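Chains as they are written, first to last, in my numbering: chain V, 51 to 165; chain F, 121 to 231.
Calculated cross-link-like contacts (lysine to aspartate or glutamate; reagent style EDC-like; alpha-carbon spacing at most 16 Å):
hint: 1; chain 1: F; residue 1: K218; chain 2: V; residue 2: E109
hint: 2; chain 1: V; residue 1: K116; chain 2: V; residue 2: D138
hint: 3; chain 1: V; residue 1: K70; chain 2: V; residue 2: D115
hint: 4; chain 1: F; residue 1: K169; chain 2: F; residue 2: E184
hint: 5; chain 1: V; residue 1: K64; chain 2: V; residue 2: E137
hint: 6; chain 1: F; residue 1: K169; chain 2: V; residue 2: D151
hint: 7; chain 1: F; residue 1: K169; chain 2: F; residue 2: E186
hint: 8; chain 1: V; residue 1: K64; chain 2: V; residue 2: D138
hint: 9; chain 1: V; residue 1: K91; chain 2: F; residue 2: E208
hint: 10; chain 1: V; residue 1: K114; chain 2: V; residue 2: D138
hint: 11; chain 1: F; residue 1: K218; chain 2: V; residue 2: D151
hint: 12; chain 1: F; residue 1: K169; chain 2: F; residue 2: D215
To be clear, the hints were calculated from the coordinates, so they are not data collected in a lab.
Here the structure is a predicted model, which means the values were calculated and not measured.
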Amino acid sequence: GAVVSQHPSRVICKSGTSVKIECRSLDFQATTMFWYRQFPKQSLMLMATSNEGSKATYEQGVEKDKFLINHASLTLSTLTVTSAHPEDSSFYICSARRGRDQPQHFGDGTRLSIL
Amino acid sequence: AQSVTQLGSHVSVSEGALVLLRCNYSSSVPPYLFWYVQYPNQGLQLLLKYTSAATLVKGINGFEAEFKKSETSFHLTKPSAHMSDAAEYFCAVQDDYKLSFGAGTTVTVRA
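With the sequences and hints as input, model every part of the structure.
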């Protein structure tokens with residue numbers, strides 16, 4: 051159990067395009083979902099935390115208007131990178147958990163490449 | 121804030137040899153600690169977690185970790201490395217509701 055599906059796995063698009071990434075918990079209800087960014091050969095950097103039905107909490111330095119997060123249901127959260135530029139190219143990973151004391155389960159990530 | 125430090129960014133072992141990955145934590149309260157593994161171009165997979173129930177925690181794929189409060193450590197071990205263990209390993213501590221990750225340790229396995 052505890053499967054998290056992330057889609058798409060890879061996106062290549064032109065500069066200025068907006069890109070939406072979906073994160074779904076397939077077999078459990080996720081009270082909280084997290085979005086991370088990972089640069090090559092580096093650890094995961096938390097971008098934001100989203101709780102179902104409420105606004106996301108962004109980490110310091112993460113632009114809220116650039117990275118729009120929606121958590122409309124207990125099984126789906128989306129990250130939209132608006133007007134993406136080459137510097138937004140990265141590996142984005144989502145995670146989800148059932149409750150506060152439960153471990154996070156991760157999606158397989160999305161490789162975003164902006165040309 | 122709670123944090124973890126992984127000692128050694130790269131570990132190389134021979135197939136069949138012991139795998140030892142080091143992680144030290146900094147926490148003012150009993151921590152929740154985790155080890156995750158990441159294969160290339162994939163997300164993270166939970167190997168094991170410590171939540172104060174037992175100091176020796178057994179995980180998947182033959183891995184285990186021991187929580188040592190006196191040493192503030194949570195090192196990950198596997199008695200006999202397999203080629204499929206080649207991956208990136210992250211130690212993490214739960215700080216309030218968030219995970220704080222170490223820098224990661226890359227494991228390579230020599231035939």
